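K.L.:
Each chain, written out:
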Amino acid sequence: MRLSLRYLQDKSRWILLIVPAMLIISIATAVIFHIREKEVDYRVSMVYAIEQAESDFTNGLMHFALSGEAESPWQRRVGMALITQALSEYQSIAHRLNNQSSSQDMLKNVKEMSLKLNTLVESGDRVDAEFREEIYQISSQADRIERQLAESLEKRRVQQRHWFMVIIVLSSVLLAFLGLALFRSERYRFALSSSLQLSEQRFLRLLQNTDDVFWLETFDSEKALYVSQAFSKMVGRDAKAVLNQKSAWRKLVHPDDIDAVEKARTEARQSPRDFKCRIVRPDGQTRWIEGRMFPIWKEQHEEPGRKPDFMASISRDVTEKRDIDYRLFQAQKMESLGQLTGGVAHDFNNLLTVILINTRHLIGRLQDAPDLARMMTLIMRAAERGARLNQRLLAFASKQQLQPEVTLVEELIDESVEMLARTLGEKYQLTFQRPDQPLWVRVDPGQLQNALVNLCLNSRDAMPDGGRITIRLEKSGHKKLFGIAGDTVHISVKDDGEGIAQDVLDRVLEPFFTTKTSDKGTGLGLSMVFGFVRQSGGNMHINSMAGRGTTVHMVLPTCASGNKRLPAKPLQPTRGTTILLVEDDELVRESTTSTLQKEGYRVIQAETAEDALKVLDAKADIDLVLTDVVMPGALSGFELAEWVQTTHPALRILVTSGFVGNKRSNSERWFFLQKPFSTQSLLAHVNQALNTADSATNNDM
Amino acid sequence: MLISTVIRLCFLIAVTMLSGCKPDPAPATLTIGYTHEPPYSYIDEAGKVKGIYPDVARQVVQQMGIDKVKWVLLSFDKLIPALINNRIDVIAAGMAVTQSRIEQNLCFSMPLSQSDTAVLWRNDNQNYVPQTPIASQDLQFVVINGSSEESILQQHHQSGSLLSVEDIRLSLLALKSGRADLLVMTRPTLMKVLHETPERYQIKNGDGFLQNRQISAFVIKKQNTGLVARWNAAQSFISHQQDVKMALHQAGMSTVDTASDYDRCYTL
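Sequence order for the protein chains is A and B. Quick note on numbering: the first sequence equals residues 1 to 701 in full-length UniProt numbering. Quick note on numbering: the second sequence equals residues 1 to 268 in full-length UniProt numbering.
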C-alpha cells in the first residue's frame with residue numbers, strides 16, 4: 001500500500017486512477033440498470049399476477065354464480081378451482097410483498113367459503129342470498145388486497161427511487177473526483193509535454209547550431225536514428241545518405257582510416273572510445289575528423305555485460321585546429337631556435353668584439369709591415385662579416401633593436417632597387433616611381449629595406465613566369481590614410497601576379513601563414529613587415545584580387561627634420577677621463593681596456609657588478625661606467641646601472657650587450673652599445689656618453 | 001505494478017460475474033397451465049386436475065426429477081399469453097400443432113396424440129339436418145376462442161356466421177339459445193359432451209374442409225431450450241408405455257410416431 005501511495009505521488013500516474021474509477025462506475029451503472037430492470041420486471045410480473053388473480057377470481061365467481069344454470073356438472077368445480085387459484089395467487093403476492101395479514105384473513109374466509117361451496121356443489125342446491133353475500137365479501141376483500149398490493153408496490157417504488165438517487169449521487173461524486181483527477185493529470189501531462197517539447201526544441205536548436213555532428217543509431221536497424229545538420233556542412237553530402245543506410249559512412253571515410261573507425265565502433269559497444277579519421281568530401285578535399293563514440297543503455301544503470309541499446313557519436317572537423325596546432329608547433333620551434341640562436345650570437349658577439357678591437361688595434365701598429373696589415377685587414381673584414389651575420393641571426397631571433405633614423409626615403413629605395421634588380425633577375429621589370437619632392441621619415445633604414453625586399457620577393461613568387469613590379473613613393477594627399485592621420489609617406493609595391501583570394505587575404509598578416517611551400521617561405525615575411533611598419537608609427541594595407549595582382553601599401557608618418565643620415569665623424573677622445581669597465585669576459589675586458597687606454601682614457605677593470613660597487617665606493621673620480629649586462633654574480637649589468645644611477649647620479653653609464661632583449665624600457669636613462677662593437681663604435685658611444693650635457697637624451701647611435 | 005493489480009482485479013470481477021452464466025438448472029417447481037377440456041385436461045369431481053395430458057405431464061415431471069408442480073387453470077385462449085408472459089412453463093391442454101402457433105415463438109414437444117375434428121348439433125335444431133353440407137354459408141358455427149377450429153372456419157366462412165366463445169359451457173349455451181347451429185371441436189371432447197347428455201345432441205366427423213386430423217403436443221417456450229430437451233427426453237420414455245397408449249385409445253385418441261430428436265421442436 002505504501003508503495004502504491006508513493007507510486008501515485010507522481011501526478012503523471014494519476015491517470016491510472018481512471019481505470020479503477022471507470023471500472024467502479026461501470027459496475028455501479030450496470031448494477032443500477034440491473035436493479036432498474038429487475039424492478040421493472042418485478043412490477044410487470046406483480047401487475048400481471050394481480051391482473052391474472054383478479055381475472056381468475058372474477059371468472060371463478062362467474063362460473064360459480066352461474067353454476068346453477070349451467071348444463072354441465074363441472075361448472076362449479078371450475079369456478080371453485082379458479083377462485084382457489086386466485087386466492088392462492090393473492091396469498092403468494094402478499095408473501096412477496098411481506099403483507100401477510102391480509103392474505104391470512106383472506107385464506108381464512110376462503111376456507112370458510114370453500115366449505116360452503118363444496119357443500120353447495122355436493123348438494124346441487126342453487127346459490128342462496130347468504131352465499132351471494134359471502135361472495136361479495138370475498139370479492140371486496142380481494143379488492144382491498146389489490147389496493148394494499150398497489151400501495152405496497154408504490155411504497156416499494158419510492159424506496160427504490162431513493163436508493164436509485166443515492167447511487168446516482170454517489171456515481172456523480174465519483175465522476176466529479178474522476179474528472180478532477182483527470183483534469184489535474186491532463187494539466188500536469190500538458191505541462192510535462194510542453195516542458196518536454198521546449199526542452200526538445202532547445203536540444204534540437206543546440207544540435208542544429210553547433211558545428212559538431214551528433215550521430216545516434218541502434219544496433220538492430222540499418223537506419224540511423226538521428227544525424228545532426230552539421231553533418232552536411234562537415235561532410236559535404238546530404239545526411240539522408242547515412243540516415244537511410246548507416247553503413248554508408250564507409251564511403252565517406254578515407255580508405256586508410258576505415259579499419260581504425262571500424263575498430264573504434266566495435267570497441268565502443270563496451271565503453272566510450274575516441275576516434276580520429278579523415279573524410280573525403282565530394283570536391284576531393286580531405287578533412288580531419290575527431291570524435292568520441294559511446295554506448296547508451298535504455299536503463300539508467302546498465303547491467304554489466306548487457307548489450308547497449310544505442311550507440312552515439314560526437315565528431316567535429318579539426319582540420320583547422322590541426323593546422324593551427326602545427327603552426328603553433330612551428331612557432332614554438334622557431335622561438336626555441338631563436339632563443340638558441342640568440343644565445344649563440346651573444347657569445348659570438350663577445351668573440352667578434354675582441355677580434356674586431358684587436359685587429360683594428362694591430363692594423364694601426366703594422367704600418368711598417370704592409371703584408372701583415374693586409375692580412376690583418378682581411379681578418380677584420382671577416383670579423384665584420386661575421387658580425388653582420390650575427391646581426392641577422394639576432395634579427396631572425398627577434399632580438400634586433402630598431403634603430404630609427406631620419407631617412408630620405410627616395411635615396412633608401414634607390415639603394416634597394418639597385419640591389420633588388422640584380423636579385424630578381426631579367427624576367428622581372430622593377431620600376432620605381434619617384435615623388436616630386438624629398439620625403440623624410442624616421443625609421444630604421446635597414447628594416448625598411450628589408451621590408452621592401454620582402455615585398456618584392458613576394459611579388460616575384462606571385463609571378464613565376466616574370467612580370468612587372470612597381471614601387472611607388474609619394475606623399476599622401478589625404479588627411480588620414482589607412483588609419484594614420486597627418487602628413488604621411490605612402491610607399492606601395494604593386495605586381496601583376498596571380499593575386500590573393502579573399503579567404504587567404506584575410507590571414508596573410510597572421511604569423512606563419514603562408515601559401516608557399518616550406519622551402520620558400522616561413523610565413524614571417526609579411527608579419528615582420530607589418531610589425532615593423534606598426535612599430536614605426538605607420539600602418540600597412542593589402543589590396544588584392546585573384547588574377548588581378550597585389551598591391552601592398554605602407555604608410556609612414558613624415559618627419560619634419562631634414563637632417564640626412566650622415567656617416568660618423570672622427571671622435572675626439574677626452575684625455576684623463578676615468579672609465580670603470582665592468583666585463584666578465586676577460587678577452588673582451590682586456591681588448592676594450594686596451595682600446596680605451598690607447599685613446600687616452602684611464603680604465604679601471606671590474607669582473608663583476610659587486611667588484612664594480614667596491615671600486616665606486618673607494619674611488620670618487622670615475623666619469624663613466626661601461627658595463628656588460630649578463631655577468632656572473634648577484635647583480636646584472638642593469639641592476640648595477642640602476643644602483644649607480646641612484647647612488648651616483650652624476651655618473652654617465654654606458655650599457656653594452658648582444659641581446660636587444662636586455663635593453664630595458666627605462667634604458668633612456670643611460671646609453672646603450674650593441675655587441676659586437678667596433679673600435680669606432682665603442683669610441684663614438686663613449687664620447688657621446690661623456691659629452692652629452694643631459695644624459696637622459698637618447699641612445700640612437 | 002498498479003496496472004497489473006488493476007488488470008487482475010478486473011479479471012477477477014469478470015470471472016465472478018461470468019460464473020453466474022451457467023446452463024439452466026432444472027426448476028424446483030414447474031408451473032403447468034391447463035384448461036377444462038376433457039378428456040385432454042379437466043377438473044374432476046374432487047377438484048383434482050385430470051386428463052391425458054396432465055397425467056402424462058406428471059409422469060414426465062417425475063421422470064425429470066422435479067418434485068413440485070403448480071397447476072394453473074386458464075381459459076383456452078389465455079394459455080399461450082400465459083406461457084409467453086412466463087406465468088406458466090408448459091401448456092398441458094392437448095393443444096394442436098399449427099403453423100401460426102409455431103410462428104408465435106412456441107415450441108411443441110414430441111406429439112402425444114392425434115384426433116379428428118367433429119361437429120355437434122342439437123337434435124331439436126330445425127335449421128340443420130345431417131345431410132346439409134358443412135360448407136353451406138347458411139349455417140352458424142360456434143368454436144372455442146383461440147382454437148385451431150376457429151382458424152379453419154375463419155378461412156371459409158364470413159365472420160358473421162362464426163361465434164367464438166371462451167369455453168364449452170358457453171358454446172353449449174350458444175347451441176341451446178339457437179345462436180349457433182354447430183359446435184366444432186375435436187371428436188374426443190364432443191364425445192364427452194355427448195356422453196353426459198346423449199339424448200340432446202348428435203355428433204359426426206367433419207367433412208369437406210373440416211375433415212381434419214389434429215396432432216397435439218405439450219407446448220414450451222422456444223427460448224427455454226434446456227426444458228425442451230429434458231421434457232422431450234422424459235416424454236419419449238413415458239409415451240411409449242402401454243398404459244399411456246391405452247389411456248389415449250380409451251379417450252378416443254391415437255398415438256403419433258415421430259423421430260426422436262429431443263433438442264428440436266416439433267414442426268409440421
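No lab work stands behind these hints, which were simulated from the structure alone. Any given hint could be a false lead.
For lysine to any residue, the following SDA-like pairs were computed, each having C-alpha atoms within a straight-line distance of at most 25 Å [claimed, not checked]:
| no. | chain 1 | residue 1 | chain 2 | residue 2 |
| --- | --- | --- | --- | --- |
| 1 | B | Lys-70 | A | Tyr-42 |
| 2 | B | Lys-70 | A | Gln-52 |
| 3 | A | Lys-246 | A | Lys-298 |
| 4 | B | Lys-70 | A | Arg-96 |
| 5 | B | Lys-221 | A | Glu-37 |
| 6 | B | Lys-48 | A | Asp-487 |
| 7 | B | Lys-221 | A | Ile-50 |
| 8 | B | Lys-222 | A | Asp-41 |
| 9 | B | Lys-192 | A | Leu-66 |
| 10 | B | Lys-68 | A | Tyr-42 |
| 11 | B | Lys-70 | A | Gln-680 |
| 12 | B | Lys-68 | A | Trp-297 |
| 13 | B | Lys-222 | A | Phe-190 |
| 14 | A | Lys-38 | B | Asn-85 |
| 15 | B | Lys-50 | A | Met-62 |
| 16 | B | Lys-222 | A | Arg-96 |
| 17 | B | Lys-221 | A | Gln-52 |
| 18 | B | Lys-70 | A | Trp-297 |
| 19 | B | Lys-176 | A | Val-44 |
| 20 | B | Lys-48 | A | Ser-55 |
| 21 | B | Lys-221 | A | Ala-65 |
| 22 | A | Lys-38 | B | Asn-105 |
| 23 | A | Lys-598 | A | Gln-680 |
| 24 | B | Lys-70 | A | Ser-55 |
| 25 | B | Lys-176 | A | Ala-65 |
| 26 | B | Lys-222 | A | Tyr-42 |
| 27 | B | Lys-176 | A | Met-62 |
| 28 | B | Lys-221 | A | His-34 |
| 29 | B | Lys-222 | A | Val-44 |
| 30 | A | Lys-246 | A | Val-166 |
| 31 | B | Lys-68 | A | Gln-680 |
| 32 | B | Lys-70 | A | His-95 |
| 33 | A | Lys-38 | B | Lys-48 |
| 34 | B | Lys-70 | A | Asp-41 |
| 35 | B | Lys-70 | A | Met-46 |
| 36 | B | Lys-50 | A | Glu-37 |
Just so you know, these numbers come straight off a predicted model, no measurement behind them.
K.L.:
Against each hint, give a clear statement of whether it holds in the structure.
P.N.:
Hint check results:
| no. | hint | in the structure |
| --- | --- | --- |
| 1 | B/Lys-70 with A/Tyr-42 | holds (20 Å) |
| 2 | B/Lys-70 with A/Gln-52 | holds (15 Å) |
| 3 | A/Lys-246 with A/Lys-298 | holds (21 Å) |
| 4 | B/Lys-70 with A/Arg-96 | holds (17 Å) |
| 5 | B/Lys-221 with A/Glu-37 | holds (21 Å) |
| 6 | B/Lys-48 with A/Asp-487 | violated (150 Å) |
| 7 | B/Lys-221 with A/Ile-50 | holds (22 Å) |
| 8 | B/Lys-222 with A/Asp-41 | holds (20 Å) |
| 9 | B/Lys-192 with A/Leu-66 | holds (21 Å) |
| 10 | B/Lys-68 with A/Tyr-42 | holds (23 Å) |
| 11 | B/Lys-70 with A/Gln-680 | violated (157 Å) |
| 12 | B/Lys-68 with A/Trp-297 | violated (74 Å) |
| 13 | B/Lys-222 with A/Phe-190 | violated (57 Å) |
| 14 | A/Lys-38 with B/Asn-85 | holds (15 Å) |
| 15 | B/Lys-50 with A/Met-62 | holds (22 Å) |
| 16 | B/Lys-222 with A/Arg-96 | violated (28 Å) |
| 17 | B/Lys-221 with A/Gln-52 | holds (19 Å) |
| 18 | B/Lys-70 with A/Trp-297 | violated (76 Å) |
| 19 | B/Lys-176 with A/Val-44 | violated (41 Å) |
| 20 | B/Lys-48 with A/Ser-55 | holds (21 Å) |
| 21 | B/Lys-221 with A/Ala-65 | violated (35 Å) |
| 22 | A/Lys-38 with B/Asn-105 | holds (23 Å) |
| 23 | A/Lys-598 with A/Gln-680 | holds (13 Å) |
| 24 | B/Lys-70 with A/Ser-55 | holds (18 Å) |
| 25 | B/Lys-176 with A/Ala-65 | holds (19 Å) |
| 26 | B/Lys-222 with A/Tyr-42 | holds (22 Å) |
| 27 | B/Lys-176 with A/Met-62 | holds (19 Å) |
| 28 | B/Lys-221 with A/His-34 | holds (24 Å) |
| 29 | B/Lys-222 with A/Val-44 | holds (21 Å) |
| 30 | A/Lys-246 with A/Val-166 | violated (65 Å) |
| 31 | B/Lys-68 with A/Gln-680 | violated (155 Å) |
| 32 | B/Lys-70 with A/His-95 | holds (17 Å) |
| 33 | A/Lys-38 with B/Lys-48 | violated (35 Å) |
| 34 | B/Lys-70 with A/Asp-41 | holds (21 Å) |
| 35 | B/Lys-70 with A/Met-46 | holds (18 Å) |
| 36 | B/Lys-50 with A/Glu-37 | violated (38 Å) |
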